[in-house]
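Asks: Listed below, chain by chain, are the residues.
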Amino acid sequence: SQQGEEDPQALSIQEGENATMNCSYKTSINNLQWYRQNSGRGLVHLILIRSNEREKHSGRLRVTLDTSKKSSSLLITASRAADTASYFCATSTSNDYKLSFGAGTTVTVRA
Amino acid sequence: EAQVTQNPRYLITVTGKKLTVTCSQNMNHEYMSWYRQDPGLGLRQIYYSMNVEVTDKGDVPEGYKVSRKEKRNFPLILESPSPNQTSLYFCASRGGSVNTGELFFGEGSRLTVL
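As they're listed, the protein sequences go chains P and W. For the record, in the first sequence the residue sitting at position 47 is 47 according to this note's numbering, with numbers rising by one throughout. For the record, in the second sequence the residue sitting at position 21 is 21 according to this note's numbering, with numbers rising by one throughout.
None of these hints come from the bench; they were simulated from the model. Heads up, the beta-carbon is just placed ideally off N, CA and C, and yes, glycines get one too. Take these hints with a grain of salt, some might be off.
To be verified - Computed list of lysine-lysine pairs in DSS-like fashion (alpha-carbon distance at most 27 Å, straight line):
(1) Lys69/P x Lys56/P
(2) Lys65/W x Lys69/P
(3) Lys57/W x Lys98/P
Claimed, not checked - Short derived list, chain P residues pointing at chain W, Cβ under 10 Å:
(4) Glu5
(5) Gln33
(6) Leu46
(7) Leu48
(8) Phe88
(9) Phe101
Bound-form chain W, shown alone (with noise of 0.2 Å):
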């Protein structure tokens, strides 16, 4: 079954401690991004890549780090997570072109920074 895997889905941490939320994909797509999810502020995204070791920042980078050393995989790293990067968190793959693909959305990663 083509799928976006995230994990963990949920996951409460303390100020300063670093986490990894992984994702990967099965789809062989080259294009995979992060986006987080706040209420009333819709997605934003925070960084993309375009294939591996290709990344770039999206619009909420601060506080962020990505790699893409292989396809199927890009982690969302937190070196040292504050209360404000609480959230939901998305990530997505996608194939084809700029003009024609589709999004697939993993099921999301819930994180609280106590």
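One chain only, chain P, in its complex shape (with noise of 0.2 Å):
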């Protein structure tokens, strides 16, 4: 069964617009990573945020992490074409070796 959940399901911006995403999850985690994937392509781990984490950055890429919450978003600055693609939310529970993904979100940026 699906953990995670993405939101919005899709997104639509201008170039060097930020793109934002929601990630929500149902049970505690140990980690929750954030993945990419381009059209018909495998995916790319982005960035892993531990459940100890609130916080974290990697280039133009800003995670937040609210365990009581049960959610994280992914925040995108500075969009560029090359970030249309979709993003899947993943997540890992303290008991088993499993990630779990979302549906994803699908980002197109417009030139």
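Bring the two chains, given one by one in their own frames, into a single complex with the hints.
Replies: Written out as structure tokens, the structure reads:
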């Protein structure tokens, strides 16, 4: 069953704008990861945030985690056409070795 | 170059004709996994393997088999494919621990069962 659910399902923005997407999950987690998928390609890992962390940065990416609300957000600043992709959150719980993925947010960056 | 390689990338087959999708990784990862991706459903785990000769079911294992005889290879076997197994399949591997390891994905295998 899906643990994480992304919101919105789709997002269209102008180049240079920021893109924000959210992920909500149901049970306590060990860590939460974000992945990017370009059309028809394999997923690529972007960033991992542990359950005891609240915010993490990587280049133009900023991830927050609120374990009390069981939610995370991914912010892409100063978006580029190359950021057009689907973005997935994935959660890992302490007792299993699975990563559970959400259905993803499709981001379109218009030139 | 570190990579996960899947073959074939595209396959059209008919109901009941056994097929195998191969997966190989060159990163010496212990953990490997198969996912299927369907529109609106995200990625769902089929099987995973913690190490050689250790495999376990994921969320949607019905109709699939796997084996892990060598560390680098983790083939996915469809003994008698059916149309509902038409999907995009991904193999992934991970080094490190559950708490720190990112997944490395192959490029995917698009399977159509007629």
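Asks: Are the hints correct? Go through all of them and say.
Replies: Going through the hints against the structure:
no.: 1; hint: Lys69/P x Lys56/P; in the structure: 17 Å, holds
no.: 2; hint: Lys65/W x Lys69/P; in the structure: 38 Å, violated
no.: 3; hint: Lys57/W x Lys98/P; in the structure: 10 Å, holds
no.: 4; hint: Glu5; in the structure: 9 Å, holds
no.: 5; hint: Gln33; in the structure: 7 Å, holds
no.: 6; hint: Leu46; in the structure: 9 Å, holds
no.: 7; hint: Leu48; in the structure: 6 Å, holds
no.: 8; hint: Phe88; in the structure: 7 Å, holds
no.: 9; hint: Phe101; in the structure: 4 Å, holds
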